[in-house]
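Turn these sequences into a full structure, and let the hints guide you.
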Amino acid sequence: MYVDKFQFHDYYLVDELLTEEHKLIRETVRNWVKKDVSPIIEDYAQRSEFPNQIIQGLADVGAFGPYIPQEYGGAGLDQISYGIIMMELERGDSGIRSTASVQSSLVMYPIYTFGTEAQKKKYLPQLATGKMMGCFGLTEPNHGSDPSSMITNIKDMGDHYILNGSKMWISNAPFADIAVVWAKDEEGKIRGLVVERGDPGFTTPETHSKWSLRASATGELVFNNVKVPKENIFPDVKGLKGPLSCLNSARYGISWGAIGAALDCYDTALRYSKERIQFGKPIGSFQLQQKKLAEMITEITKAQLLTWRLGVLKNENRATPAQISMAKRNNVNMALQIAREARQILGAMGITGDYSIMRHMMNLESVITYEGTHDVHLLITGMDVTGISAFS
Amino acid sequence: MNILVCISKVPDTTSKISFTDGNSKFDTNGVQWIVNPSDEWYALVRALELKEAGGGNVTIITVGNAEDDAVIRKALAIGADDAVRINSDAKDSYYVAAQIAEYAKTKSFDLIITGNQTIDYNNAEVGGMIAELIGWDYVTPCNKLDVTGNTCKIESEVGGATRVLEATTPLVISAAKGMAEARIPNMRGIMAARTKPIAVVEPAAISPQIKINVFELPPAKAGVKMIDPENMDELVKLLHTEAKVI
Numbered sequence: 001m002y003v004d005k006f007q008f009h010d011y012y013l014v015d016e017l018l019t020e021e022h023k024l025i026r027e028t029v030r031n032w033v034k035k036d037v038s039p040i041i042e043d044y045a046q047r048s049e050f051p052n053q054i055i056q057g058l059a060d061v062g063a064f065g066p067y068i069p070q071e072y073g074g075a076g077l078d079q080i081s082y083g084i085i086m087m088e089l090e091r092g093d094s095g096i097r098s099t100a101s102v103q104s105s106l107v108m109y110p111i112y113t114f115g116t117e118a119q120k121k122k123y124l125p126q127l128a129t130g131k132m133m134g135c136f137g138l139t140e141p142n143h144g145s146d147p148s149s150m151i152t153n154i155k156d157m158g159d160h161y162i163l164n165g166s167k168m169w170i171s172n173a174p175f176a177d178i179a180v181v182w183a184k185d186e187e188g189k190i191r192g193l194v195v196e197r198g199d200p201g202f203t204t205p206e207t208h209s210k211w212s213l214r215a216s217a218t219g220e221l222v223f224n225n226v227k228v229p230k231e232n233i234f235p236d237v238k239g240l241k242g243p244l245s246c247l248n249s250a251r252y253g254i255s256w257g258a259i260g261a262a263l264d265c266y267d268t269a270l271r272y273s274k275e276r277i278q279f280g281k282p283i284g285s286f287q288l289q290q291k292k293l294a295e296m297i298t299e300i301t302k303a304q305l306l307t308w309r310l311g312v313l314k315n316e317n318r319a320t321p322a323q324i325s326m327a328k329r330n331n332v333n334m335a336l337q338i339a340r341e342a343r344q345i346l347g348a349m350g351i352t353g354d355y356s357i358m359r360h361m362m363n364l365e366s367v368i369t370y371e372g373t374h375d376v377h378l379l380i381t382g383m384d385v386t387g388i389s390a391f392s
Numbered sequence: 001m002n003i004l005v006c007i008s009k010v011p012d013t014t015s016k017i018s019f020t021d022g023n024s025k026f027d028t029n030g031v032q033w034i035v036n037p038s039d040e041w042y043a044l045v046r047a048l049e050l051k052e053a054g055g056g057n058v059t060i061i062t063v064g065n066a067e068d069d070a071v072i073r074k075a076l077a078i079g080a081d082d083a084v085r086i087n088s089d090a091k092d093s094y095y096v097a098a099q100i101a102e103y104a105k106t107k108s109f110d111l112i113i114t115g116n117q118t119i120d121y122n123n124a125e126v127g128g129m130i131a132e133l134i135g136w137d138y139v140t141p142c143n144k145l146d147v148t149g150n151t152c153k154i155e156s157e158v159g160g161a162t163r164v165l166e167a168t169t170p171l172v173i174s175a176a177k178g179m180a181e182a183r184i185p186n187m188r189g190i191m192a193a194r195t196k197p198i199a200v201v202e203p204a205a206i207s208p209q210i211k212i213n214v215f216e217l218p219p220a221k222a223g224v225k226m227i228d229p230e231n232m233d234e235l236v237k238l239l240h241t242e243a244k245v246i
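As given, the protein sequences belong to chains A and B, one line each in that order.
This note's numbering puts the first residue of the first sequence at 1, with every later residue one more than the last.
This note's numbering puts the first residue of the second sequence at 1, with every later residue one more than the last.
Derived by calculation from the structure, the hints in this document are not laboratory data.
In this text, a Cβ means the ideal position worked out from N, Cα and C, and glycines have one as well.
Keep in mind that the hints are not guaranteed to be accurate.
As the list claims (entries may be wrong) - Ranges of calculated distance between the beta carbons of each label pair, as one might list FRET restraints:
hint : chain 1 : residue 1 : chain 2 : residue 2 : range
1    : B       : Met232    : A       : Phe279    : 54 to 60 Å
2    : B       : Asn29     : A       : Gln344    : 34 to 40 Å
3    : B       : Pro37     : A       : Arg47     : 44 to 50 Å
4    : B       : Asp146    : A       : Gln53     : 46 to 52 Å
5    : B       : Met232    : A       : Gly353    : 41 to 47 Å
6    : B       : Phe215    : A       : Leu288    : 38 to 44 Å
What the hints assert, rightly or not - Sample of chain A residues with no beta-carbon within 12 Å of chain B, all distances over it, derived:
hint : residue
7    : Gln7
8    : Gly62
9    : Ala63
10   : Ile162
11   : Glu206
What follows is the structure, given as structure tokens:
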């Protein structure tokens with residue numbers, strides 16, 4: 001049976017900046033990942049199937065809406081706890097973390113932030129316990145980095161809305177019970193609403209043949225004259241700030257999650273470098289391998305400090321979208337580079353499913369693109385420091 | 001049934017072991033502490049199972065200082081109802097057992113469960129000492145425990161065989177592998193642990209019985225010596241003169 005030998009690495013004693021509760025949460029999620037995710041995830045990824053049986057476990061360890069207040073079924077934890085949970089999940093697999101990210105930041109967060117009291121009470125407790133799963137529809141086939149040009153729309157029919165359009169690259173879509181959908185109203189303003197599975201005209205075809213996030217279910221949301229009750233719309237949020245605030249929360253979680261993937265690759269490569277003998281010595285004794293490992297732990301340590309500080313700012317409600325962009329961009333790229341270098345340390349073994357590295361590497365090719373591409377986040381930083389938009 | 005579960009904090013098995021004060025004191029600098037595995041996996045979880053099946057209360061107790069509250073919170077997160085910390089360093093096995101016995105005498109527990117041994121000093125002494133000090137029966141090791149009324153049916157694996165016995169409460173037992181499956185605390189448990197009470201009790205006037213003079217690390221493992229398969233005489237000679245096994 002597969003044994004997950006992962007050991008955590010904390011080169012700068014960042015643990016001393018965490019509370020005992022943070023560490024207990026981390027240990028809890030890590031133990032759960034080792035027990036219920038690591039032994040099965042490679043098989044599910046190889047078969048391109050989402051392991052449905054882990055949904056209850058994700059709910060039990062608090063991965064669904066950990067920062068949502070307890071009165072709505074969340075755990076009422078702080079933002080660093082949320083980050084830690086995402087890191088430990090992505091240490092197992094980015095697809096599993098994606099499922100939790102979407103449920104927490106893209107479904108529960110907007111319902112909690114923009115929803116009516118009735119919407120919060122109807123959906124949040126069910127989402128927190130995993131009895132109901134959600135997805136988030138913003139990206140369209142022809143509108144990715146430019147969501148404000150979306151064509152999905154709603155028409156006010158008096159006592160209900162009629163929704164038309166389609167969304168693409170939607171994590172959790174194939175099995176989601178509800179979708180938080182962003183669509184333009186008749187004035188061209190972006191509005192958010194909750195669409196439920198089973199609503200006539202609403203279908204969720206699955207996206208097949210992915211080489212990335214293979215253990216995560218991805219699909220489309222297709223709306224063909226879907227009748228949406230008026231009570232399902234978020235009443236007060238209009239414009240891109242609605243979906244963008246959700247993405248800020250998700251991107252923050254991704255900046256932590258990427259460290260998990262990087263740590264898993266580094267830990268695997270470090271152990272392998274001490275066990276693999278070539279020319280009569282462990283390959284970890286050769287300078288070129290040490291250079292790789294030393295650079296990996298340096299970059300991981302920088303990312304750990306970046307996210308810890310970002311978490312403190314987020315707890316104080318002071319983290320700016322541009323700061324979150326910087327962390328998401330830096331950390332995902334860092335993880336992807338480490339996955340590639342770690343794969344080289346393992347040589348041919350690195351391409352097999354006996355090790356997690358190639359799976360992480362392929363997953364991170366999605367993570368570096370979704371939730372704001374690597375390039376777009378750079379332009380956000382560029383705009384922030386110059387005051388000039390380079391988007392158009 | 002009211003159950004008292006004794007827990008210890010021990011270094012995580014990946015901790016680097018070193019000493020200070022002329023090798024007379026364990027260097028705790030940088031050590032990650034965990035709940036002693038047999039206390040957590042077997043003693044605490046079986047106590048919780050008994051409570052879930054038949055009602056009652058599970059109290060955890062440890063002898064330690066304020067930094068031990070972290071391991072106490074973990075035990076509370078797994079499901080214990082409340083906790084007691086005897087506010088003192090754990091000086092030796094007798095000291096710990098006597099402090100727990102003094103506390104237990106003032107309460108009405110039916111069962112006291114310890115892990116069968118800690119993974120730091122491996123003494124396996126505290127359970128027996130508690131039983132002696134409060135005058136209860138003691139069973140060790142317990143690999144299986146079922147309780148009906150005040151009768152405990154216990155299975156002990158001893159010398160490759162299984163001993164099945166019955167004992168009546170009040171009773172002290174030491175829990176070993178097989179008693180229960182480890183539980184991962186869930187988020188509800190972690191949240192609930194925030195508000196569960198930890199009673200801090202000042203220690204009784206008890207003198208420790210042991211003074212540690214010096215710790216010594218075992219010698220570093222020697223490298224593997226490869227012998228040519230054609231050279232059996234050399235292998236036999238080394239097994240005789242160096243390994244001294246033949």
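Hints, one by one, checked against the model:
1. B:Met232 x A:Phe279: 54 to 60 Å: Cβ of methionine 232 of chain B to Cβ of phenylalanine 279 of chain A: about 29 Å, so the range 54 to 60 Å is violated.
2. B:Asn29 x A:Gln344: 34 to 40 Å: This hint holds: roughly 36 Å between Cβ atoms.
3. B:Pro37 x A:Arg47: 44 to 50 Å: 35 Å, violated
4. B:Asp146 x A:Gln53: 46 to 52 Å: This hint is violated: roughly 30 Å between Cβ atoms.
5. B:Met232 x A:Gly353: 41 to 47 Å: 42 Å, holds
6. B:Phe215 x A:Leu288: 38 to 44 Å: Since phenylalanine 215 of chain B and leucine 288 of chain A have Cβ atoms about 40 Å apart, the given range 38 to 44 Å holds.
7. Gln7: 6 Å, violated
8. Gly62: 3 Å, violated
9. Ala63: 8 Å, violated
10. Ile162: Check passes; 40 Å lies beyond 12 Å.
11. Glu206: 30 Å, holds
Hint compliance for this structure: hints 1, 3, 4, 7, 8 and 9 are broken, all remaining hints hold.
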